[in-house]
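Enquirer: Listed below are the residues making up each chain.
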Amino acid sequence: MKIALPLILVGVTILLMVVAFVGPGHARGTVGIAAGSALSDLTSKSDTPQQALTNLMVEVQRRHWDRAFAALSKTSGSDEPSFIQDWIGSGGSLRSFSNLEGFDPRPLHITNDEAQMRVRLHFSTPVGPIEDVRDIHLVREGDIWKAVWPKFQSPAVPAEVIPVTYLRWDLVTGTADDQWGSKNVDGPRVRIISMNAVDSAEGAVVMGEVVNEDTIPAFVNVNSTLVDGAGNPIDDESSFDKIDHILLPKQVTPYRIDFPGFSLKDVKNVRMDVKAALVPASADPVIGVMNQKIDADAQGKSILHGDLFNESGQTVNIPHVIASFYDGNGKVVWVSDGYVDRALLPQSSEPFAVEIPRSLAGKVHNFHVVVNQYSLGRS
Amino acid sequence: MRRNFPIRESRIALSACLLAASLLGVCAAQELTVPASVTAGEETVISTTGSGTATFYLLGPGVSRKNEVSLGQEIHLQARDLQTAGDYLAILCSGTCRSASFYVNAAKPASVTFLVHPSRVPVGQSDAVSGVAFPFDQFHNLVLTQKAINFQLTAGSSSLLSQSVRTRDGVAWFRTASGKAAGTLQVVASLDDLSAKRAVQQVASDPCNLHIQGQRTANGILVETEPVHDCAGNPVPDGTIVTFTATEAGGKDTVDAPIKKGIAKAQMDAAGAVVVSAASGVVMGNEVRIGAH
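Chains A and B supply the protein sequences, listed in that same order. Going by our numbering, the residue at position 362 of the first sequence is 362; the numbering climbs one at a time, nothing skipped. Positions in the second sequence are counted from 1; adding 1000 to them yields our numbering.
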């Protein structure tokens, strides 16, 4: 009996170790290494345009840059460094924090020697999944197909000095005694100037615009609560990243609050609450939104597109576009947003595009775009 | 402001005790006389009659003590026992118990607590600035006796308000309009030689007559505002956003530009004939038309 218990414990331990090695938990992939059928170690021969494109994307996904570049046609204008930069980004842009998670290739036009393919790229990013669509030209070289990759042209910024009248607000914590009323600085005064609630395919959506009426910058967040007929709250959500949080004096931002899975038919009332706090802020960089236009893209979707132009001398690492769309009466009918995955270099432009739901495209008469920006190392 | 809730329970218990003692018919002849008025932080005496020794209890908002005393002599209450204003109960027990209560008033004001709202206000707003003052003595008791507090509001060298207000239940307040000129509004509440200063920042109101001009340049168009003022002529603070919108046949350009050194300017790359407008918050400016390149 004395040795029975230790023997049982040793036996159970060995059994658990064996289970750990051969059990189903061990089958999971190691964190940090992508798994999936697209990443099988052996790539098939690129004897069709589809297979060639798939092979190329798999190598890009694995970040096997040499093999990926070898899969390009010699007629490509690209060199390997610019090809790599095209995929991994630079300047602290959103692309440099992204991973290619998946892709959906489909043919547009194929002949014996040439093919035009469209690939929908799915990136995972710190701000959520982002999709990109690329049209890729492929040519047959012998018995294999290769992609023709145009050279990635990053903006060439000349060396120059851009004078900026620096404008910034700092917060000073008073050093007076702790007597009542000796340290009061009121928070900024902000106001919701419009609000609209609609049902969308994903659920209820509350949107509108907020203005900073004060003379100081404000950190703004809008919260909304759906209330049912009995006066009970059903759900409450915040605008999260669908708002320009830092509002300079007299600046207007759209906001959108999503209630996934809820329908307005169950809602009697919507409570709005805007919170504003005093924060240090800078008036720079100034980003212009140029050539704004609503067009239909290749898939027939209504897209508001344009170019962001950085008018100042600082690099904007991650530009974020938020657009409000108005009907003929000036009422906000939708708010869309989108991140630009290229850094916005000083005095240079980057294109942007945000989507308008098909059901609302016909109602849109006007729009207003604001640009939120995230820059590394700056508040 | 100090409260004296704990004394209430103690008083009820002791009153019950006294009543029980009286009913048992054991009351004796000792008496105590408390002062009619006591000021916080000052010594006082309670006189007693009778002979022999007794137990003395003192219950107040900031004190609870017990000691043996000789009847027929005065009981000296130390200044530190009477620092908190409010109701006090003195009890003397020698076989039977006698009690008396007295009130300790706040001492003379030693500080003025002054709350002013808001800290920042647009010019030309009626009833926009308010202030509340509370006089306290050196022991932080709210001074409930009426005092005249003088409120003075000055902007630069001009006086906007000078008003003497008597406190009521320890509070005096004012409410007034903001001035016409942007700048710091000094607000002072004074009581005798005491004063408390606060500052209210008077800021320009919404832009008024927002006017822009534009010209074509080699890179597109350059638009800028004239110096932006509110309707009272105060310059709108730098950093205020002016939104320029250039509309042309092929689309539109917008730039949210901050006012710097009084004007806001933006570079836009419109090549065709454009109509440029400006807005700041909910205030619209004029439109300018600029011909094609």
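Everything labelled a hint here was simulated from the structure, so no lab data went into it. The beta carbon of each residue, even a glycine, is placed where N, CA and C say it ideally should be. A portion of the hints provided could be inaccurate.
Unchecked claim - Sample of chain A residues with no beta-carbon within 12 Å of chain B, all distances over it, derived:
(1) 129
(2) 157
(3) 216
(4) 283
(5) 375
Stated by the list, open to error - Just the calculated beta-carbon pair ranges, DEER-fashion:
(6) B:1291 to A:109: 17 to 25 Å
(7) A:185 to B:1146: 28 to 36 Å
(8) B:1293 to A:261: 19 to 27 Å
(9) A:231 to B:1250: 44 to 52 Å
(10) B:1250 to A:185: 24 to 32 Å
(11) B:1249 to A:67: 44 to 52 Å
(12) A:133 to B:1250: 52 to 60 Å
(13) B:1291 to A:144: 31 to 39 Å
(14) A:161 to B:1111: 49 to 57 Å
(15) B:1045 to A:185: 49 to 57 Å
(16) B:1271 to A:144: 17 to 25 Å
(17) B:1154 to A:185: 53 to 61 Å
Enquirer: All the hints need checking, so say for each whether the structure fits it.
Expert: Comparing the hints with the structure gives:
A cut-off of 12 Å between C-beta atoms confirms that residue 129 of chain A is not in contact with chain B; the least separation is 28 Å. No Cβ of chain B comes within 12 Å of the Cβ of residue 157 of chain A; the nearest lies about 15 Å off, and the non-interface call holds. A beta-carbon of chain B is positioned within 12 Å of the beta-carbon of residue 216 of chain A; the least distance is around 7 Å. Against the 12 Å criterion, residue 283 of chain A falls within the reach of chain B, whose nearest CB is about 4 Å from its own CB.
No Cβ of chain B approaches the Cβ of residue 375 of chain A within 12 Å, the least distance being about 16 Å, so the stated non-interface status holds. Look at residue 1291 of chain B against residue 109 of chain A: about 43 Å separates their beta carbons, and that is not inside 17 to 25 Å. The hinted range of 28 to 36 Å is satisfied by residue 185 of chain A and residue 1146 of chain B, whose Cβ atoms lie roughly 33 Å apart. Take residue 1293 of chain B and residue 261 of chain A: their Cβ atoms lie about 52 Å apart, and the range 19 to 27 Å is violated.
For the pair residue 231 of chain A and residue 1250 of chain B, the beta carbons lie near 51 Å from each other, so the given range of 44 to 52 Å is met. Between residue 1250 of chain B and residue 185 of chain A, the C-beta spacing of about 46 Å breaks the proposed range 24 to 32 Å. Evaluation of the 44 to 52 Å hint for residue 1249 of chain B and residue 67 of chain A yields a pass: the beta carbon distance comes to about 48 Å. Taking the beta carbon of each, residue 133 of chain A and residue 1250 of chain B are about 23 Å apart, not inside 52 to 60 Å as hinted.
For residue 1291 of chain B and residue 144 of chain A, the hinted distance range of 31 to 39 Å is not satisfied, since their beta carbons lie about 56 Å from each other. Evaluation of the 49 to 57 Å hint for residue 161 of chain A and residue 1111 of chain B yields a pass: the beta carbon distance comes to about 55 Å. Checked against the hint of 49 to 57 Å, the pair residue 1045 of chain B and residue 185 of chain A passes, with Cβ atoms roughly 50 Å apart. Look at residue 1271 of chain B against residue 144 of chain A: about 45 Å separates their beta carbons, and that is not inside 17 to 25 Å.
In this structure, residue 1154 of chain B and residue 185 of chain A break the distance hint of 53 to 61 Å, their C-beta atoms being roughly 21 Å apart.
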